[in-house]
Each structure stands twice: as C-alpha cells, then as structure tokens.
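Chain order of the listed sequences is A, B and C.
The numbering of the first sequence is this note's numbering, which starts it at 1 and goes up by one.
The numbering of the second sequence is this note's numbering, which starts it at 1 and goes up by one.
The numbering of the third sequence is this note's numbering, which starts it at 1 and goes up by one.
For the record, the hints were derived by calculation from the structure and aren't laboratory data.
A few of these clues could be false.
[Unchecked claim] Listed next, the in silico DSS-like pairs over lysine-lysine satisfying Cα-Cα at most 27 Å (straight line):
| id | chain 1 | residue 1 | chain 2 | residue 2 |
| --- | --- | --- | --- | --- |
| 1 | C | K9 | A | K123 |
| 2 | A | K119 | A | K108 |
| 3 | A | K297 | A | K7 |
| 4 | A | K143 | C | K86 |
Residue strings, one per chain:
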Amino acid sequence: MPILEVKNLNVSFKTIDGVVQAVNNVSFNVEHGEVLGIVGESGSGKSQSVLAIMGLLASNATVTGSIKFLGQELVGVNTKALNKVRGNKLSIIFQDPMTSLNPYLTIKSQMTEVLMLHKGMSKHDAVIESIRMLDFVGIPEAKERIGLYPHEFSGGMRQRVMIAMALLCRPELLIADEPTTALDVTVQAQILKILRDLQTEFKMSIILITHDMGVVANACDRVNVMYAGQLMESGSLDNIFYEPQHPYTQALLASIPSLEHEVERLATIPGEPPNLLALPDGCVFQGRCHKVHQECKGGDVVVQDFGAGRFMKCNLMQNLTNGINQGITSNVVVN
Amino acid sequence: MVFSKRIKETLGVPKAKGFWQNAFRRFSHNKLAMVSLIIILLLALLCVIVPMLSQYSYSQPDFTGSLQTPNLKHLFGTDGLGRDLYVRSFIGGRITFEIAFAATVVVLLIGVLYGSIAGFMGGKIDSLMMRFVDVLYGVPFLFFSILLLTLFGQSLMLSFVAIAAISWLDMSRVVRGQTLSLKQKEFVEAAVIAGVGKWKIIIRHIIPNLMGVVVVYAALVVPNMIVLSAVLSFFGLGVMEPMTSWGLLISDGSQNMDSWWLLLFPAMLMTITLLAFAFVVNGLRDALDPR
Amino acid sequence: MDEYRQMMKFLIRRLLVAIPTMFCIVLLVFSLVHATPGNPFQGEKALSPEVMKQLLHQYRLDLPVWQQFYLYIVDLLHGNFGPSYKFIGQSINGLIFPDYMGGFWVTMRLAIYAMIFTVPLGILFGCYAGLYRNTWFDRLVVMLNMFFSAVPTIVTGPLAVFLFAVILHLLPASGWGDGDFKHLFLPVTILTLAYMPTVAFVTRGSIIDVLNSNFIRTARAKGLPTRAIIFKHAIRPTLIPVVSLLGPMFAGVLVGAIVTEQVFALPGLGILTTNGATNRDYNLVLGITIFGSFLTIAFNFFVDILYFFLDPKIKQ
C-alpha cells in the first residue's frame, strides 16, 4: 500500500480578482521509501499541493478530492485530528530557513516541544534526543548550541536545524518544499546529501519540491512534472530524463545548461504560464507548446497511461518502443 | 538640456506627473476621503464668509438677548453675553484654521529641511542632528507648549510659530528615513558622481521626491495643531476674549452645561473637522504612500 | 550569570544615553526661560528699585546666567526644583508633591488607573480582534481607534459629562470628591478611551502579521494545538510593537491626565500648570516641564528593559 495517495486534488483560492485555480485535479501516490520529485515553474501549484497535504493552506483556500496518508483521509478532517499526524508521521521543511524558525525561542525550546507533544517525552529526554538529531544533521557542538536562538546560526545551519526538527519523530513521509533554493550552491549540495543519507537511514519517503532539474537528477527516484496546477507527466527519473514524452518536459530539459555540448544560446520556453484566474480551454500548455495543434485548443486532454506509474497528459500520441511498455495501454479522459 | 533629459530617462528618475496623476486618481476613488475633503473645504469656506455676511458681531455683547436657545434668528443660539453663537463658532473656526495652517507651514519648512539635510549628509552630522531630535522627544510636548506660551504669551501667532518650531520632530524623522532610501537611488548617485553640489541635489532631487510623504504628514499636522490649540484654551492660554476659537468655545460650553447649545455646536464642528481630516489622511496615505 | 552581565551592560549603555539627554533637556528649557527678556517680577504693580533688587537677589536672579544654571542643576540633583516666583514662600516641590491629595498625586493616580485599563484591555481586545478578523468586534476596534485617535479628550470629556451628569444625572460632573468611584469613573474612562483603542489597534495589526509569518506556519506544521501556537509562539513577537508604543504612550497618558483634569476640574498638576502659566511663574512651569521630561525618560528606560526580555536579538 502506498504511504500517500492523492486523488483528484483541487485547490482554489478566493481572491478579490476571482477564483484562482492553483491545483487542478492532481492524482499521485508516494510509495514506501521512495523520493518523489515534483518539478515546475513558480505558480505551477507544486507548493500548494503539498501545503494542502499538510493542511497549511491560507484561510481563503478550498480543497476538494482525497488525500490518504497511511490509509487515513486528511481532506476535511478537523485540526485536532490533523495535529496527531503532522509533525509526527508527516513532516515538512520549508524553503526559507531564515524566517521559518521562531526568532524569539531557543532551538531547544522549539525542538523539544515536538517530542513532548507527540512522544510524551519528559523535557530531559527530549533535550537528549534533540541533541542527537542535531548531531545527525551535522551541527557541530550541538550540545552547547541547542540553547541558542535562530539568529545565531547561518542559513545552512538553520536549514539543518529545520531538518532535524522535522525528523524528531521519525516521520514516514518528509515533504521538502524547495529546501535548497534560498541557500548558497555549496550549502545546497550538503543539504541534499543530508536528506539523501537520512532517507536511507530512517527508511522514510520524501516528496522533494524544486524548480531545479539538477536537484531532481541528484536526489529523486520518481518525478512529477507540474504546470499551471496540473500534472503533465510522471515517471521514473530515467524515464523523465532520458525519454521525456511531454513537450513541456522536453522543453524543461532542453533549458538545462550542459557541460558536454556547446550551445550558442540556452534554450528557453517562449511565452508565459497561463493566468490561473482564467485558464484556457483545452491544454494549459497550448500557448507555449511548439507541437500544438487544433485539438489542443478545446475539449479534454488525453491522459496516456504507459503503465508502471508512467503517464502523461497530452494529446500527442506516443508509441513507446523501448520495451517498458507496449504502446498505449489505456486512454483515460479526465476533466 | 537634451542630454540631461536622456539621463533622466535612462536612470529612471521618477516621472512626477504620472505619480501625482495616479495618486489623484486613487484618492478620488476613495469616496470617504473625497466627501471628507469636501466637508473640510466647505467648513473653511463657511469660516470665511459667515462672519463677513452675518448681521451679528462676534464681539459686541447684547444683554437683552443672552442665552437664547437656537432659533431662526440665532441658528446656534446666543451665549451669556447675548452674542450670536453661529457667528462666534465660525469666527472661532477661522482662528483655529489660521493657527493650524500657519503652524503646519512652519512644521513643514523645518521638518523637511532638517530631515533631508540629516539624511543626505549622513555620518556624524546625521547622528548629531538626530540626537538633538531625541532630546526634544524627551520633553512632553504639552508642557513645552505651555512653557512657550508662558514666555511668548503676548503674541498668539508668535507663540504658535514657536510651538510649530518644536512640532517638526516626527516630520523630520520620516523625511530623513525617506531621504536615506532616496540616496541609494541611481539618479541621486548619478548626480553625486556628476559633481552636482550637495545643496543643489537636496533641493532639486531629494525634496521634490519627498513630496508624497510630506503631503500625508502635513495633512496629519493640521488636525494635531487644531487639537493642540483647543487643549491650550482649556489651560487659559492662547486665544483671548472677545476673540474666540473652537477650544475656547468648548471650554466655555463645558462650564455652562445647562445651556447645552454652547457645548454641543462647537464640539460638533470640531468633531466633524477632525474626523474628516482623519479620513483624508487615510485616503492620502493609500493614494501617495502605497506600502 | 552571563545573562546578568549582558543585562548590566545593556542597562549601562542605556543610562549613558538617558543621562546626557536629560541634561540637554534641562539646558534647553532653562536657557529658553532665561533668554526671555525681562524678569518674572516686572509687569505687575510697579515695584520700587530696592524691592526689585531685593527680590532678584532673593531668587538668585542677579547672578550671571551660567552660575544660576549651575546652582539650578545642583538643586535638581538634590531633588529640589527651587522656589516658586509667585506663590510667595512656597517651594515648587511643595506644590508638585503636596501633603494633601493634589498636584502630582492626583495626576499619578489618574494616569495609573488609566494605564491599568488601557494596556491589558487594549492587548486583550487587539488580540481578539486580530484572531477573529472581519467580525463585528474587529470592525468595532478599528472604528473606535479611528474615532478616539481623531477626537481628543477635551471634546469627548465634556460630551460625556453632558450625557452622564447633566442629562442622566448618574455621576457628578466634576471634582475629585474623596477620590471615590463615582468621581473618578468618568475621568478614568475618558482617559482610557483616548489611548486603549490605539493599543488594541496596534496589537491587532501585530498579531495579524505574526500569524501570517513563516515561523507560525512551522509551528502549525509541527502539529501544535492552537493554544500553544498563540501563547508560546505568537504572543512575544506580537507584544514587541506594543511595547515600543508604551514609551510614547506613557508620556501621552501623563499629558492626557493633565488635560482630563482640566476638563473635570480635578486638583492635579493641570491646575498647577495653569496657575503657573497664567501667573507667569516661570520657575513653576520650568519645574513641571523638567519633571515631566524626567518621567518620560525614566519610563522609556523601563520600556527598554522590557524590550531586553522580549527580544533575544537585542542582547547582542
């Protein structure tokens, strides 16, 4: 059984200008012990879909669909039930370590409260366990530094503290929402390595959200590609990197700078993402797709399932010949 | 000329015209602020014309008709000396507005110059100038005003100029902060590099771009000065009989509560004015200083 | 121990700012008073030159100004504001701190009562309004702030007296009585209403900002119950802007108390200031101004200490 099952997830926000459809009918699973990457540009709905899983959306949000974590439905449950899960078996680390820790409380106070709440530990035991976890994520002199305030740590160190805090209760699933975006490149690599090490150590699953294909290539087992609130393509890391099917995925990969081939100009995707207040009829990528044709401009888009968890949402018919799949096994029409 | 214009365009010198047009459009869409502004202008107009056109004098006692309740001949009634309260209310309003505007002009002059110089010069001069502001902040404002009125009591206007001379503290702080951020802007840096003199930069580049904040603050200073002049009337300072002001009328009215009109009309006029100014300030802030 | 030393260092640094500030204030107001032409005994019934000379000598006014200033500072350091120029034979200390219920004692009572209601209630109402945004209560807080920060006590006070004393006959219109509830209710209420909405409004804005911050999102992600989030994580950062408001507000309440005394004819510092001003008793007004400045600076100092305990970043 998958650890997390997301089915037909919709997230919309009521704003003064109208209803923003941030996440549009997204379904995916996270299996035990895998690292699932979710990539997309900003505004693609990748962050909003995981905030929906954590129940952390802004108050003007509406969520429909189903999110099942370890078999338990999370959509529509009350805060009390949600609080039994989050911080415990389900954890998250955020993009901005500079502001995500409470500047008015010591690291000790912020870490121990998690253990005392979910594990019922005494203060004394909680401090010992917290120090152990800080050691684990590579904070030197954790025993002395646990009494410090967040502003006394550097950005990379704060992100380590965030990771340690998220892992205190040995979660089954860790969500990392752009954990390296705000950090220096060298620190990015360290943080990614820590995540990878911890994942094997604790045998947990990770959802890694990023807009950086390099991070995906380094850390993920499986990849979801999102665009304008929709899931465009999903597959294993090799699938996505070596035989991308969706024109959007192909364009994303083409825009990665390469050391092997000299290119005169880096490929970019022309145009802008669609306005989430007024999505176009048909495919959301039609405005920027170089393979766009008439049937993309209206009606439902075909979801092509290639089996083994590999599918894409595109009207272009693909015949995969490399033996993973025998062509198109089924055409599921959504929307 | 052409050259400097090109520099302005490439360096992104704020286009003053567009800024004020936008601000005006935003302000005029704010109904509450617009209505308030119209009320203020209307009251100011009444303060000018009512005493001019009325058949009654604000100062001449008429003992035959003292303490009349409001009636058709005396819309607001008469006071203990039989003077028409309608005329007195508006002549009092005129004095109140005059004092407030005069003081505001002084506050603006000192505050803008002081703040922009401190902000632009920076370094030791700045910290010294700001220390002085801190010192003045330590003196409770009302006490200082009373002290000044005690010293300059003979001349009302002089007193208020003196009071204004200690009321520019907030203004100078705001202007200084704004100047510090303007200093970082490319068009000021460019002027510095081009060797334009400091004073010229302050007057040509800094002060014109401060106008947004300054207008908001000026609209805040006027009601503050109205309140201050009224408060001082309660201490028996400021405007003297037979001339009057809203503060003096309210003070008199609160001594004679059996004649309710003596209190209620001036209090109502002052409340309306102050609320209108508050709404205008809000509107200006939204229009000029969108943060 | 470390904490203690940090705090002493912080306090000393603040004192090194406060003391020169106080000195500059004294210098400023003193020179302002003494730069005014003429002396306090002119203008009344003409005094013979001998009497005038005698008076000037008695009040040290015949000495050079710098010497007068030196002696004044020495007196101040002994807590002595000098003699009154008009209440013959009275010291200013005796006028400000009389043996009976009057002067500063009345003003202090009024200000303290008002602060007791203003600060806790303002914070409570502000938090409530911020937590339950866009409810009728929230709108009421915003509207009351708008009204009472625009309309001063000299307007609201007489109107309240008119309503409760003259029309409804519920409360006495003015006077201290013997400091009983009935006499103090209106002045304290009016003074509280003048400042509490501001505290509530600032608290409201502050808690709204804090609850939208990233670290509160982290606290929610940890599964903490709402109560713990508010009381452990949100309350301190919420209070910081409120505390920085308290310094200027104390000066405001002190002055507001004096104005309120004028409205309700209470025998406090207000009436003393009026007497000093109308009789042109410079030394009395000077003394009250310096005393008021001292209170303001002392309170700002106290607020700084509060800050020290609230904001860990200040310790560095």
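Here is how each hint holds up against the structure:
1. The suggested pairing of K9/C with K123/A is violated, with an alpha-carbon distance near 32 Å, which exceeds 27 Å.
2. For the hint pairing K119/A with K108/A, the CA-to-CA distance comes to about 16 Å; that is within 27 Å, so the pair holds.
3. Proposed proximity of K297/A and K7/A is supported: the alpha carbons are some 26 Å apart, at most 27 Å.
4. Taking the CA atoms of K143/A and K86/C, the gap is about 70 Å. The hint is violated against a cut of 27 Å.
Hint violations for this structure: numbers 1 and 4, all remaining hints satisfied.
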